[in-house]
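Next come the chains, spelled out residue by residue.
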Amino acid sequence: MKVQRLDIYRLVLLSLLGALLFVSQVVLSWLPNIEIVSILLITYTRVYGLKTLYPLYIFVMMQGFFYGFGHWFLNYLYVWLPLVLVALVFRRMTSPIGWAIVNAIFGLMFGALCSILYLILGGPSMMIAYWISGIWFDLLHCGGNLLTALVLSVPLHKLLCRLNDQLSRL
Amino acid sequence: MNKKKLGLILGVVLLVVLVLAFVLVYRANRPAYSGDDGSTGTTTGGAQSTDPSNPIGDKTVTVKIVYDDVSKTVEINTDADYLKGALEEKNLIVGSGEGEMFFITAVDGRIADSGKQEWWCITKGGEVWMTGCAATEIADGETYELTLKTGW
Chain A
4 MKVQRLDIYR LVLLSLLGAL LFVSQVVLSW LPNIEIVSIL LITYTRVYGL KTLYPLYIFV
64 MMQGFFYGFG HWFLNYLYVW LPLVLVALVF RRMTSPIGWA IVNAIFGLMF GALCSILYLI
124 LGGPSMMIAY WISGIWFDLL HCGGNLLTAL VLSVPLHKLL CRLNDQLSRL
Chain B
1150 MNKKKLGLIL GVVLLVVLVL AFVLVYRANR PAYSGDDGST GTTTGGAQST DPSNPIGDKT
1210 VTVKIVYDDV SKTVEINTDA DYLKGALEEK NLIVGSGEGE MFFITAVDGR IADSGKQEWW
1270 CITKGGEVWM TGCAATEIAD GETYELTLKT GW
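Protein chains in written order, with the numbering used here: chain A, 4 to 173; chain B, 1150 to 1301.
Chain A on its own, in the form it takes in the complex (with noise of 0.2 Å):
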């Protein structure tokens, strides 16, 4: 039963983590290109791996819901996972620089990876256009990530382990 308890303890754990991934999008979403999902996305990864994928698809679902299912919605069901595959691989770095860059790089390629959606809609020169017009923005995401993540990335990460250790003793 304890088996159980421990499930469902963390099954409420993930939802909660991915309420607050949306939360923080909503409450940052008046600055442009400027958010945190991505570092509490790193920082869930290297606690939790591969069931990052939960509070994820919870977010991603979440923002369906509030915003409507546009097209950009296709973005989101794929933008997100190379950052959780890349933070899986360097789980075990614990350079705050080093997450600055990783997150830093995933800021920058955003608006190429979200780009490859409309390569299949509109061809090539669809996609190199929707580059184009948001590499601006791709630049401030950059440096937003890089800032994130040198500030939030140990405090958060201490925080979440310090959780997980208190839910694994229950």
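Think of the hints as simulated: they come from the structure by calculation, not from any bench.
Do not take every clue at face value.
What the hints assert, rightly or not - With the C-beta cut set under 7 Å, the calculated list includes, among others, these residues of chain A facing chain B:
no., residue
1, L77
2, T97
3, P99
4, G101
5, I108
6, L111
7, G137
Even glycine gets a Cβ: it sits at the ideal position worked out from N, Cα and C.
With chain A held as given, fit chain B onto it using these hints.
Same frame as chain A, now just chain B:
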């Protein structure tokens, strides 16, 4: 030098190279915007219309783009005879169809979602323009609006 430090240095170098590459691509392609939207919360942005890289043509047309929460004005110096050519010079539109049957499907990277009955409406001075952008001859000083509409 240990592996960790080497990895970090390589990461920093990769990031710097990528940022420089993106800046160069952006500078080579940036449109001449004089946006009044503050470019907040959008996926696009741009430089000022005084951009020296903006090629000087023999006519200047002003295009106001309105979608979602965005409203921006683009001044285009062009030699193009038709609105489509002027808009394409600035990578502002994507569309489908040939010749005068060209139909705008995306402006400024914003795709009209046909599933939501979205479409791009061309107006000139607020009046609905009955010809497509490929059939619209332009003259110096004209102003057009491209507005994302919902509902057929």
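Right, here's what the structure says about each hint:
no.	hint	in the structure
1	L77	violated, 11 Å
2	T97	violated, 9 Å
3	P99	violated, 10 Å
4	G101	holds, 6 Å
5	I108	holds, 6 Å
6	L111	holds, 6 Å
7	G137	holds, 5 Å
Of the numbered hints stated above, those contradicted by the structure are hints 1, 2, 3, listed in ascending order.
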